[in-house]
Amino acid sequence: MKVRYFAWMKRTVGVAEEEVTPPADVTTVGELVVWLRQKSGGHAEALAEGAAFGAAVDKRTATFDAELAGAHEVAFFPPFTGG
Amino acid sequence: MAVRVQESDFDVGAELERLTAGNKRIGGLAVFVGLVREMHVREGYHRDRVDALTLEHYPGMTERALEEIEAEARRRWPLEATLIVHRHGRLEAGDRIVLVAVGSPHREAAFEACEFLVDWLKTKAPFWKLEETPKGEKWVGAHAEDDQAAARWNKK
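Quick mapping for you: the protein sequence lines, in order, are chains A and B.
Each residue of the first sequence is one higher than the one before, starting from 15 at the first, in my numbering.
Each residue of the second sequence is one higher than the one before, starting from 494 at the first, in my numbering.
No lab work stands behind these hints, which were simulated from the structure alone.
Since we're looking at a predicted model, the values are computed, not measured.
Where is the CB? At the ideal position from N, CA and C, for every residue including glycine.
Fair warning: there could be bad hints in the mix.
What the hints assert, rightly or not - So, partial list: chain B residues that the calculated Cβ filter (under 7 Å) puts toward chain A:
| no. | residue |
| --- | --- |
| 1 | G527 |
| 2 | G553 |
| 3 | R557 |
| 4 | L614 |
| 5 | K615 |
| 6 | A618 |
| 7 | F620 |
| 8 | W621 |
| 9 | K622 |
| 10 | W632 |
To be verified - Simulated pairs of lysine-lysine, DSS-like, Cα-Cα distance not exceeding 27 Å:
| no. | chain 1 | residue 1 | chain 2 | residue 2 |
| --- | --- | --- | --- | --- |
| 11 | B | K648 | B | K617 |
| 12 | A | K24 | A | K73 |
| 13 | B | K648 | A | K73 |
| 14 | B | K617 | A | K73 |
| 15 | A | K53 | A | K16 |
| 16 | B | K631 | B | K617 |
| 17 | B | K631 | A | K73 |
| 18 | B | K617 | A | K24 |
| 19 | A | K73 | A | K16 |
| 20 | A | K16 | B | K617 |
| 21 | A | K73 | A | K53 |
| 22 | A | K53 | A | K24 |
| 23 | B | K631 | A | K24 |
| 24 | A | K53 | B | K631 |
| 25 | A | K24 | B | K628 |
Said to hold, decoys possible - Over the 12 Å line for every Cβ pair with chain A, so calculated as not near, a few chain B residues:
| no. | residue |
| --- | --- |
| 26 | D504 |
| 27 | A514 |
| 28 | D544 |
| 29 | F604 |
| 30 | T626 |
Construct the complete structure from the given sequences, taking the supplied hints into account.
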């Protein structure tokens, strides 16, 4: 699946997007976060526990207990500041 | 009934003309135009001035989120016409960022729905502001006031 990062998270991770193949026991957004943290120092910092960020699965806002089954694209981003 | 996300500026008069053309049931049109405000932010002993900002967004999700917000407004109020135009990319102080226009037979619905749309798009549409200051770039943090403004429209 594709993982995308926005705003400051993109700079902290170091890439805007990446293709990942998490193991079968990673079934929720929250489990994906934990798995992604070990990829690099930037990942660990951007996705740190307590950091304020949200997620979307296939371009719809998702909670951390949302299932990943069938997902093509998961995105992580800071709180929105538009308008 | 339209949502657009674009880099280019918009002409408010022309947009309103198009929105209301041929619809004689509209008795009131409420319009909000958001501009880039020149800001002075105090930080420690230094004073930062925001000269410009870059608006990043999530193509695909942004349009969908705005369409959902628009659909929610139409469920809550009797609306004849709605338009949301939101810009992205680099904008300077004084530039237009967002246009929200709502037409209804009566003004109360137009005013309320317009305010609702602005409040919700600030907290539910995936946009992020990066400010340029003389000291460098800085990502804007979310404001608790915006969350409170959006929350007052939550159904009890």
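Hints and how they fare:
1. Checking B:G527 against chain A: minimum C-beta separation of about 6 Å stays under 7 Å; hint holds.
2. Interface restraint check for B:G553: the shortest CB-CB distance to chain A comes to about 5 Å, inside 7 Å, so the restraint holds.
3. Interface hint at B:R557: satisfied, since its Cβ lies 6 Å from the closest Cβ of chain A, which is below the 7 Å cut-off.
4. The beta carbon of B:L614 is positioned within 7 Å of a beta carbon in chain A (closest approach about 5 Å), and the interface hint is therefore held.
5. Here the hint on B:K615 is kept, as its CB sits about 4 Å from the closest CB of chain A, short of 7 Å.
6. Restraint check, B:A618 versus chain A: the minimum CB separation of about 5 Å is within 7 Å; hint holds.
7. For B:F620, the interface hint holds, the least distance from its beta-carbon to any beta-carbon of chain A being 3 Å, beneath 7 Å.
8. A distance limit of 7 Å between C-beta atoms decides the matter here; for B:W621 the minimum to chain A is near 4 Å, and the interface restraint holds.
9. Taken as an interface hint, B:K622 checks out: its beta carbon lies about 5 Å from the nearest beta carbon of chain A, inside 7 Å.
10. Given hint, B:W632 at the interface with chain A, holds; its Cβ is 5 Å from that chain's nearest Cβ, closer than 7 Å.
11. Using a Cα cut-off of 27 Å, the hinted pair B:K648 and B:K617 holds, with the two alpha carbons roughly 16 Å apart.
12. Between A:K24 and A:K73 the alpha-carbon distance is near 17 Å, which keeps this suggested pair within the 27 Å criterion.
13. Using a Cα cut-off of 27 Å, the hinted pair B:K648 and A:K73 holds, with the two alpha carbons roughly 24 Å apart.
14. Simply put, B:K617 and A:K73 have alpha-carbon atoms about 12 Å apart, close enough for the 27 Å limit, and the pair holds.
15. For the suggested pair A:K53 and A:K16, the alpha carbons sit about 15 Å apart, so the restraint of at most 27 Å is met.
16. Taking the CA atoms of B:K631 and B:K617, the gap is about 21 Å. The hint holds against a cut of 27 Å.
17. For a cut-off of 27 Å, the pair hint linking B:K631 to A:K73 stands: about 26 Å separates their Cα positions.
18. Proposed proximity of B:K617 and A:K24 is supported: the alpha carbons are some 20 Å apart, at most 27 Å.
19. About 12 Å separates the Cα atoms of A:K73 and A:K16, which keeps this hinted pair within 27 Å; it holds.
20. The straight-line distance between the Cα atoms of A:K16 and B:K617 is roughly 22 Å, inside the 27 Å bound, and the hint therefore holds.
21. Annotation: proposed proximity of A:K73 to A:K53 holds, straight-line Cα distance about 23 Å (limit 27 Å).
22. Using a Cα cut-off of 27 Å, the hinted pair A:K53 and A:K24 holds, with the two alpha carbons roughly 14 Å apart.
23. Distance hint between B:K631 and A:K24 is fulfilled; the C-alpha atoms sit about 14 Å from each other, no more than 27 Å.
24. Distance hint between A:K53 and B:K631 is fulfilled; the C-alpha atoms sit about 26 Å from each other, no more than 27 Å.
25. Proposed proximity of A:K24 and B:K628 is supported: the alpha carbons are some 21 Å apart, at most 27 Å.
26. With a least CB separation of 20 Å from chain A, B:D504 remains clear of the 12 Å interface cut-off, as annotated.
27. Every CB of chain A is more than 12 Å from the CB of B:A514 (nearest about 27 Å), matching its label as outside the interface.
28. The claim that B:D544 lies off the interface holds: its Cβ sits roughly 17 Å from the closest Cβ of chain A, which is beyond the 12 Å cut-off.
29. Chain A leaves B:F604 outside its interface by the beta-carbon criterion, the shortest separation being 17 Å against a cut-off of 12 Å.
30. No beta-carbon of chain A is positioned within 12 Å of the beta-carbon of B:T626; the least distance is around 15 Å.
Every hint, counting from the list given before, is met by this structure.
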